[in-house]
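Peer 1: Listed below, chain by chain, are the residues.
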Amino acid sequence: MSVATQFCQRALDQWPGRIQTRQEARRSLCEIECGKEEVIEICAWLHRDADCGFAGLIVEELAADWELRYVFHASDAPGWVHVVLRGPLSEMVFPSISARVPAADWHEREAEDLFGLKFTGHPYLGDFILHNDAWQEALCPMRKRFDALKPVGHREPDPDWRPRRIVHAPGAFAMPIGPVFSGVTESAHFVLETVGEDVIRAFPRLFYNYRAVEKIAEQRSVDDVLLLAERFSATTAFAHALAFCQAAEQVAAIEVPGRGGALRVLLAELERVRHHAGAIQEICESTGLAVAASQAAILEEDLLRLSGAFCGHRYLFGVAAVGGLARDFFDGACKNCVGEAKAIGKRLDRLEEMLRASSSFLDRLEEVGSVANRDARSYSLVGPVARASGLARDLRKAQPYAGYGAFRFDVPRESEGDGYARLRVLFAEARQALRIMEQAAAEIPSGPVRASAARASSGAALGWVEAPRGATFHWLRIGESGVVERYRIVTPSFINWRGFHLAVENFAFQDFPIMLASFGLSATENDR
Amino acid sequence: MEIGTLLAVFCLLCGAGVVLALLVSDRRNPELLAWVGSAASLVLMLAAGQALFTDAAFHAELWTVPGVGALVVSIDRLSALFLIVTALVYFPVSIFTVGYMRRYAGHYSLRAFSVMYLGLFFSIALILAAGDVLLFLLAWEGMAILSYLLVNYEHEEERHARAGYRMLAMGEGGTLASAVALLLLAAAAGALDFASLKQSAGGLGDAQRWMVFLLSFFGFGVKAGLVPFNSWLPRAHPVAPGNVSAILSGVILNLGIYGIARVNMDILAPSSAVPGLIVLAVGAVSAFLGILYATTENDLKAMLAHSSIENMGIVTAGLGAGLVFIASAHPALAAIAFLAALYHMTNHSVYKALLFLGAAVVDSRAGTRDLDRLGGLIHRLPWTAFFFLVGALSISALPPFNGFASEWLTLQALLRSVELSSTAVKLVFVLSGAALALTAALAATCFVKAFAMGFLGMSRSRQAAAASETGRSMLAPMGILAVLCLLLGVLPTYVIPAIDRAVVPIAQASATEALVPPFFAASPEHSRLPAEFAAEFHDLGAQVGEDFAPGRGLVVLHRGGESNPVVFAMSTTYGFVMLAALLAVTAGLVRWLTRKRRVTRNTRWDGGVRRLLPEMTYTATGFSNPVRVVFNAVLRPRTVEDTRETVAEHFRTAIRRIRHDVHVMDRYVSAPATAAVIWIARTAARMHHGRINAYVAYVLLTLAAFLLVAAAF
Amino acid sequence: MSQWILRGLKTGIKTTPYPARAEESAGVSPGFPVTTNRPETEARALAARCPTAALRQVGDRVEVDYRRCVHCYRCLRGAEAPMNWEQGFERSTIKPGGAVLGAPFERSIHIRVVDAGDCGACLNEVRQLNNPYYNMHRLGFFITPTPRQADVLLVVGPVTDHMRLPLQKTYDAMPAPKCVMAVGACALSGGVFGPSFVAGSGVAGVIPVDVEVPGNPPPPLAILHGLLMAAGRK
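Just so you know, the protein sequences line up as chains B, G and W, in that order.
Take the numbering used here: the last position of the first sequence gets the number 569, and nothing is skipped along the way.
Take the numbering used here: the last position of the second sequence gets the number 728, and nothing is skipped along the way.
Take the numbering used here: the last position of the third sequence gets the number 381, and nothing is skipped along the way.
These are calculated hints, taken from the structure and not from any lab test.
Honestly, I wouldn't trust all of these hints.
[Said to hold, decoys possible] Straight-line distance between alpha carbons at most 25 Å, and here's what the computed SDA-like set of lysine to any residue pairs gives:
no. : chain 1 : residue 1 : chain 2 : residue 2
1   : G       : 611       : W       : 381
2   : W       : 381       : W       : 194
3   : W       : 157       : B       : 394
[Unchecked claim] Beyond 12 Å from chain W on every Cβ pair, some chain B residues (computed):
no. : residue
4   : 117
5   : 134
6   : 166
7   : 174
8   : 189
9   : 227
10  : 278
11  : 335
12  : 368
13  : 369
14  : 399
15  : 447
16  : 448
By construction, the Cβ of each residue, glycine as well, lies at the ideal position given by its N, Cα and C atoms.
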């Protein structure tokens, strides 16, 4: 019995008569439709007892009612559970599940800020995406009636806004960092609460790079939205483009030909190695180990040039397309590319050996920014951050896509959850990515690289990819006329930024940049 | 005019002032007080100046008390120095009173204040001029009561009453101890006047010497604010009105030093080095603890109170070193040490009065004394900020101000311990010197914090943001004190001979000889300098200024002995001139080089935050936290609360941490002592249970006991 | 420590010969479409394929507005008559009305980088400028942490609404003379994101721009070219 069927069965057993289930075998999907009274229990059961990962909350304003879709996925076997809650458009109050499913915290805050929904029981709604000291309340830009292209004429920022203070101690103050701070960094604001020596608590204030990608995607053609998907977080452009294309292919029921799938895997893993080289470079630079940072930077630039030479663009723009790839590659070129990547991989291994032998470097990374396994699980963290804390979830293994099921590779896992563990995971993942690339390039199936032009179809589907920073989920609803009606992106940075606050309690101020670098979070990927 | 006449004028002024204060209306009283107070200070300064600088001394017997002895008024050079310092502080504070007392009009009686103020002045002068034990103790008690009344001026506040009471209680305990010491001396002499005490002090046995020393040192030490009996000081200062705090720190603490000096330096010279070592050690510990608590204190006046403890500790350490040198038969070194101590005492009175007046202005204008709620006052109170800065620089011992000269001399005096023979003594000196050096560093930290958090940055409260500068009547006294700070610092070669005149009778050696070589050719002792020495310093420019500056020279020189031929020289005069010249030249050069450039003013760079709020800037607590952490073993804060609040298991809503500092002396001395006294009182109170029969029994028992005793004798 | 020194020495010199000589390696630049002559119908078809109106049909020519090109490759892949493509990267221009620094800043300029809503790629390319391949320090370019010491303000991103004020403050905090460099398609024209209610249509809408570096993202060599232009050396 498939995992999805099991879930449906168990749900029906536990809440007989109060829910309705629907299965889609093709997508390994079990959809549970319930009411406001049961949603907290069901989600808590899935998150805690059934050990499902929480992918995200997707809010849609349909013609006549709200549809709140809580997406869960099984940890180690293909299977998705969508818990769907519907309510009339006039009723904008829903129960908050974040007390039992902490991973849903920021999803509900985003829904409140962008749609105006209220989640009872959530202690901190407001001042999330649209900052209260810049925008008025109740702007609700994601509502259908809001025109994204018109500038907002009347602005009413809150004149009494103050940063949220959690530390109450005589003489405590809140040191601000950013949004423009030293180094070539993305814009983000941090409030470090301290009484003078250690920083007791750090509170990030993000969404300075909010470009409302989900909103401007509406009413655009699928090809135009593919441009947005590629470019909103271009350091992992291919992964996001791939997730989007997979969602669109599911809606239109398009089968990607074998050659397209294999080349997609090759390109995705190439991007992963390049991203990890960059992440390692940032960690080395943050600890001040200049030679290692330069060595890693050389590797990153080599991989960027390799990507540029292979497909024309250093960040792999313009290669992914709905149905396969936008261009074909010669097999020989693929093999050359993989050969060069392996040579770079050897230098990466050598770098890892040398870093492991540098005790002063390790001193700065060990026991810095630790995230416990229990916390990683309750926040459903993803990517190298989660794997360093013992939570070895990988969508390539659990929910295989693009033919990953045929390749042999390991998912690295460490248990300390500190900066050094995350660094080791990055190196190990890069090695595994090269292993996959080798297997992919060894036997590329012949044939077309892209499925023939699909018939226009409508519907909604979820596309998912294990991006270099972690799992990313793209939900796409295409309307009758072939334009996008709803585009929801859950990025790995969005998920992991929520877990960042767990690591930044009681630390010395000079460790802050190291913590930031070791988490590898991207503010712009979070902000969309 | 003769000293006696001037003193009589002084008494008349004080008396007339008291009478007029009662007659004049409440509202006009501060003005009256300013006139009378300043006039009296000037008269007193003239009288004491004569006593110090000329060879005239004053000695007069007032009426004779039958069966006890004569009440003697005698002003020798030591008293004269203290009288000058007192008058130097009283003068500006009296002027300050005009503007400051307005806040109490209609609320508390200003007449009473004037009466008490002048009374206090009179009693302090009487203490310093007293020549016999009875007059001394009477005046001392008068001073204690009047200062208690003044500290408790805002008597309607509960907290003030407790602080004032503690001051009175501990003060009386100290008075008791010092009275016993004086009476021991009197018993040995058979008379009460200081001259007789001095004569017969040589005949005291060892045990008696020790008793007198311990009782007088710790007894007067309570008044001076020395460890371990200083817990009244940091409580009394914040509750007293601003001008009273200035008097308290600038004048009354000196009385404790006067008592110690009079008994242990003048009347009873030490025979062994151990008493001096005790004084030195207590001084060093007081200095260190004082500044440690000052650095971690956020209330401006409490911080200044702890700093007073520190400075008194430095003075005491100097006195202790001098006592050791006298006992080891090095009178020249003792003279240097005593000079350093008295110089520091003078400086402390001046800059502490300045700082307290500044704190009083801040308190009345910004409405709060909490450094965590001040800030940005340099724009609102520019002159006050400038004068406070002068005071802060002086107390941090930075050249060219006065604190530098006296601390330099103190440390130099301690360095001379190499010439002593006993290793144990040298060890105590070394440790004390190290403690004083650490104290100096912490003092700089403390006053950087005070000035920066109080005056610079953003205003942290609405009251601080709305403050406005005070009137000229309150700025002028601060200006006078600031100028004095500069002069005392820049002209050490004139101050040293002046103070030396008070030291010579005690140490039997002249510090001026050792410290101020006569480099000027016009000076009469110039010919006595060895030729190569003079030539060496001539090359260094030590004769600059000899054409227009009077005196011996402008360089303070400290030479080691024969076993230790090192030379330390400093000249704040030259330094000040060079500094001023350099600043002027640089400023002029910059102005000329940028004469054609455009200057744009812009707001501070804040990282692009939308609003920079005061709560995002450093607080005083944050600034001093590293000190708190390093000295945690001494401070041992009690954690009152350390909780984390979480909603729904993972939303952290609050982290609360409250830590409470208890002074180490309170923890080990005052609190146990108070607890013991209360225990004794409670136990004894068990007698008062109200049963008549038992009381009758007590009477019977007492009668029986007396009969027995009478029968035995 | 010695192992790092040896490693560094063994790696040798990786620095690009640019700007003294041309850089010939593969993968250093994605290139651009170039203005091409095509029959009018083809030209119109090509211009219609461009999602950001970077291609304009003028008679029988397709003109390229580099400031708008987002490298979607639609005019190259899948088009019947693909555009001519050129791998060069020296496409920075001085905006009309803009001023560069010139003497005495030619040999050394300090740069403050501000991310005003960038996608991450432009910022990453700016970061590569400090790696051994491009090594901008040898040309006298330094990144400063504070605008008070900066001569050039390098802005990436379309300027989101939340970053308008910080960008304005950064610009105001820089002392004159200063030069603003807008890097990337988003900073020049809003890219695919702007204008909208939260994203602007480029840096020029907030602060005056002097040097424009097109590309999505412009490769590090193009940014170097732009910096050389800002310094007045090109």
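Peer 1: Provide an ascending list of the numbers of those earlier hints which the structure does not satisfy.
Peer 2: 1, 2, 7, 8, 9, 10, 11, 12, 13 and 14
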